[in-house]
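Position chain B against the provided structure of chain A, taking the given hints into account.
Chains A and B, in that order, are what the protein sequence lines are. Numbering-wise (our numbering), the first sequence opens with residue 1164 and increments by one. Numbering-wise (our numbering), the second sequence opens with residue 372 and increments by one.
Each hint should be verified, as a subset may be incorrect.
[As the list claims (entries may be wrong)] Below, simulated DSS-like cross-link-like pairs (lysine-lysine); rule was C-alpha separation at most 25 Å, straight line:
(1) A:Lys1357 to B:Lys413
(2) B:Lys557 to B:Lys573
(3) B:Lys601 to B:Lys560
(4) B:Lys563 to B:Lys573
(5) B:Lys378 to B:Lys563
(6) B:Lys573 to A:Lys1209
In case anyone wonders, no lab produced these hints; they're calculated from the structure.
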Amino acid sequence: MVDRLLMKGNEAIGEAAIHAGCRYYFGYPITPQSELIAYMAKRLLKIEGATFLQSESELAAINMVYGAAAAGGRVMTSSSSPGISLKQEGISYITCAELPCVIVNIMRGGPGLGSIQPAQGDYFQATKGGGHGDYHLIVLAPSSVQELVDLTIKAFNLADKYRNPAMILGDGLLGQMMEPVEFKEFDVKTIPSKESWALGSSEGREARRIVPFNLDPIEMEKINNRLKQKYLDMQKEAECELVNMDNPDIVVVAYGIVARIVKTAIQKAKKEGINIGLMRPVTLYPFPYQIIGDNAHKAKKILVTEMSMGQMLEDVQLAACDKAEINFYGRTGGVVISPVEILEEVKKLLA
Amino acid sequence: MKKVFEKPKSLTDVPFTYCPGCHHGIIHRLVAEALDDLNITKDTIGVAPVGCAVFAYLFFDCDMIVAAHGRAPATATGIKRVKPDNVVFTYQGDGDLASIGTAEIVHAANRSEKITVIFVNNAVYGMTGGQMAPTTLEGQITQTSPYGRDPKTMGMPIRVCELLSTLNSPAYIERVALTKPAYIIKAKKAIKKAFQFQLDGKGFSLVEILSTCPTNWGLSPKESNEWLEKNMIPYYPLGEFKNLEEVS
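So that you can see chain A by itself, here it is in the shape it has in the complex (with noise of 0.2 Å):
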């Protein structure tokens, strides 16, 4: 019997990690996911032998995760979005020294400093690289507060898997509801050892060196080689719901929040005699283009919406611009979409 609680999503994502075995956290202040830092303090500085560090600043944050994964620590940071823009640097030294580690991204409204409420903004960025160089992250969406804890312990385990950073990718409303959670055993021993790769003593064995640059052109677009073939092997972790696919008169696509806010509009749709079809990709990074390339024909018209002037949009394109014709519908700034609205727009591309 596993046990349900209520709990609010930021704390949920931070209970997640611990969970599995997370016992390292660095972060900075941020709204709206303030609750996560506070409750890894409230966790971490009771647990012998873990770390909990609030840092001087985003870059140092995001720096003591780097020296703590080279370590072998299983390690996780979160902000939200001005935050993350700040981390971007050692995101991208993390990716290329090949290093496992988990960066929360609870989307407020952009850009600038912005507003402190819901928003998608941030999809190119965290999908696209975000940082310096050719690179990706794993990025993983929740649309639930069980899944901010199903999907963060699976960021842990897949940037294991990859020894890549693996982003949650969120928003201020998920991080700020609360439902009933369960946590599902995890084992710990199920953690890969770190023993052959990360820095420790060197007793017995070489020295062992992380550098994540190369000033000889040819040794570093070797680098960039391993780091392509390993992004062409994480495609297959692609993963995208689809709900009400049937027969549908529309197909809508939305990921995080917004797919959840799309559910409730189906459900009136159904009221009045729509039909409406959800994809919601659950990761950005791999997206799930095969999935929805292959699902796009099942209607005429394809609606995408987000809290973003169009950005998985893009992505959308990509696999479906052949296949049906793709609208969209978008509201940025910290306003959420309603379930009226989505239904409006749904109700004049029909007409």
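Only chain B this time, still in chain A's reference frame:
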């Protein structure tokens, strides 16, 4: 025949990339000797900076990582928190530590992270070709202070030991030079002491080493040593700035 002098075991066989007359070579040797003397090479993890000493990762025969510019104290913090039983040191220049990495060094010192910082101050950015550093002296000509550092618009050179010594927490802070054998002996003692402080769990230790950059100063190695003694030591006085051992 008895061997009376050899390369420290904590250095690899990779030839140094440093310019003739630059003090990095001496400093590498002193750090390596300290690791040898304390018999901690195999337990040590070094953090190399961005700058001329980025190649330090090739020269020290212990586990090494290259940090982002200025962030070595943060990276070292992460390592030390995961591996508290290992010895962790950073090796940083003046641009790295006292300009882009000012926040990281101040806060690592203030938390008294149990790490050792080897801070090389040669009053100039070396690797990028001789631009003004936070430690460039008043009136000193560099690529980016071509008419001399003007304190009215460029500020006065930052004294890192003095600055960090205003904090309560750091355990050991000392400034040394290398321009004559007596100084080198003192520098070696200070570096060894800094590592000993870490081994004893006393907290943050930092040794600032006044160093030459003949290439970017436009002086011969001999002239560079003279310039350092005449200009740097009066502004950057040598000695111990913090020793919590003696306070307690």
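For each hint, the structure was consulted:
Between Lys1357 of chain A and Lys413 of chain B, the direct Cα distance comes to roughly 18 Å. Compliance with the 25 Å bound is thereby established for this hinted pair. Using a Cα cut-off of 25 Å, the hinted pair Lys557 of chain B and Lys573 of chain B holds, with the two alpha carbons roughly 21 Å apart. For the hint pairing Lys601 of chain B with Lys560 of chain B, the CA-to-CA distance comes to about 24 Å; that is within 25 Å, so the pair holds. A hinted pair counts as satisfied when its Cα atoms are at most 25 Å apart, and Lys563 of chain B with Lys573 of chain B qualifies at roughly 14 Å.
Restraint check for Lys378 of chain B and Lys563 of chain B: satisfied, since their Cα atoms lie roughly 17 Å apart, inside the 25 Å limit. For a cut-off of 25 Å, the pair hint linking Lys573 of chain B to Lys1209 of chain A stands: about 23 Å separates their Cα positions.
In this structure, every one of the numbered hints holds.
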